[in-house]
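Student: Sequence:
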Amino acid sequence: MIFARAAAGLNIAGGILSGIGQRQEALEAAKLRKVEARMAQQAALDAYRRGGEQAGAVRQQTTRLIGQQTLLGGASGLDIQGSSAIDAAGTTTRFFGELDAATIEENALREAFGQLDQSKILIRQARSLRRQADWAIPMGVLSGLSFGASSMARVF
87 MIFARAAAGL NIAGGILSGI GQRQEALEAA KLRKVEARMA QQAALDAYRR
137 GGEQAGAVRQ QTTRLIGQQT LLGGASGLDI QGSSAIDAAG TTTRFFGELD
187 AATIEENALR EAFGQLDQSK ILIRQARSLR RQADWAIPMG VLSGLSFGAS
237 SMARVF
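In the numbering used here, the protein residues as written are 87 to 242.
Hints were generated in silico from the structure; no laboratory data involved. Since this is a predicted model, take the numbers as computed values, not measurements. Note that CB positions come from ideal geometry on N, CA and C, so glycine has one too. Treat each hint with caution, since some may be false.
[Stated by the list, open to error] Here are the in silico distance ranges between beta carbons for each label pair:
1. F181 x E114: 51 to 57 Å
2. R213 x L185: 40 to 46 Å
3. D220 x V121: 19 to 25 Å
4. G138 x D173: 25 to 31 Å
5. M125 x E192: 21 to 27 Å
6. M125 x I102: 32 to 38 Å
7. L118 x G138: 29 to 35 Å
8. E192 x V121: 28 to 34 Å
9. D220 x F182: 33 to 39 Å
Put together the whole structure using the sequences plus the hints.
Tutor: Printed below as a string of structure tokens:
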């Protein structure tokens, strides 16, 4: 009988200690998710910034290419002013250059939104882990009581 009570007490104490350990583990995991969420937010900002820079570089490259086409047309004897060939080449180059820039910007936005979605998921996980941490010790006590009660029931 005394051993059963001692075992029940040890079960309760073990449940409390287990709950404390689970609480600390859940809180640390929540902190980690929060840091990961901040990193995902920073990655989203970086993706957006990089997309703008790359699109700007493509636009500059397109402008240089149009200038080179105009120079080559003039060097080959075409009338640069009002030449339909030069105008057509410039329009086509400008169109495809802008299409490339727009594609880069859209891909950057998709990447940024993906990172922001990941950040939201991580924040929800952190909240869930904090709720688990709040319940870890009471659940450990209940678990210990359950095992203690079963120990006492076996004696009788």
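Student: Would you mind marking each hint as holding or not holding in the structure?
Tutor: Comparing the hints with the structure gives:
no.: 1; hint: F181 x E114: 51 to 57 Å; in the structure: holds, 54 Å
no.: 2; hint: R213 x L185: 40 to 46 Å; in the structure: holds, 42 Å
no.: 3; hint: D220 x V121: 19 to 25 Å; in the structure: holds, 20 Å
no.: 4; hint: G138 x D173: 25 to 31 Å; in the structure: holds, 29 Å
no.: 5; hint: M125 x E192: 21 to 27 Å; in the structure: holds, 24 Å
no.: 6; hint: M125 x I102: 32 to 38 Å; in the structure: holds, 35 Å
no.: 7; hint: L118 x G138: 29 to 35 Å; in the structure: holds, 31 Å
no.: 8; hint: E192 x V121: 28 to 34 Å; in the structure: holds, 29 Å
no.: 9; hint: D220 x F182: 33 to 39 Å; in the structure: violated, 58 Å
When the structure is compared with the earlier hints, a violation turns up for hint 9 alone.
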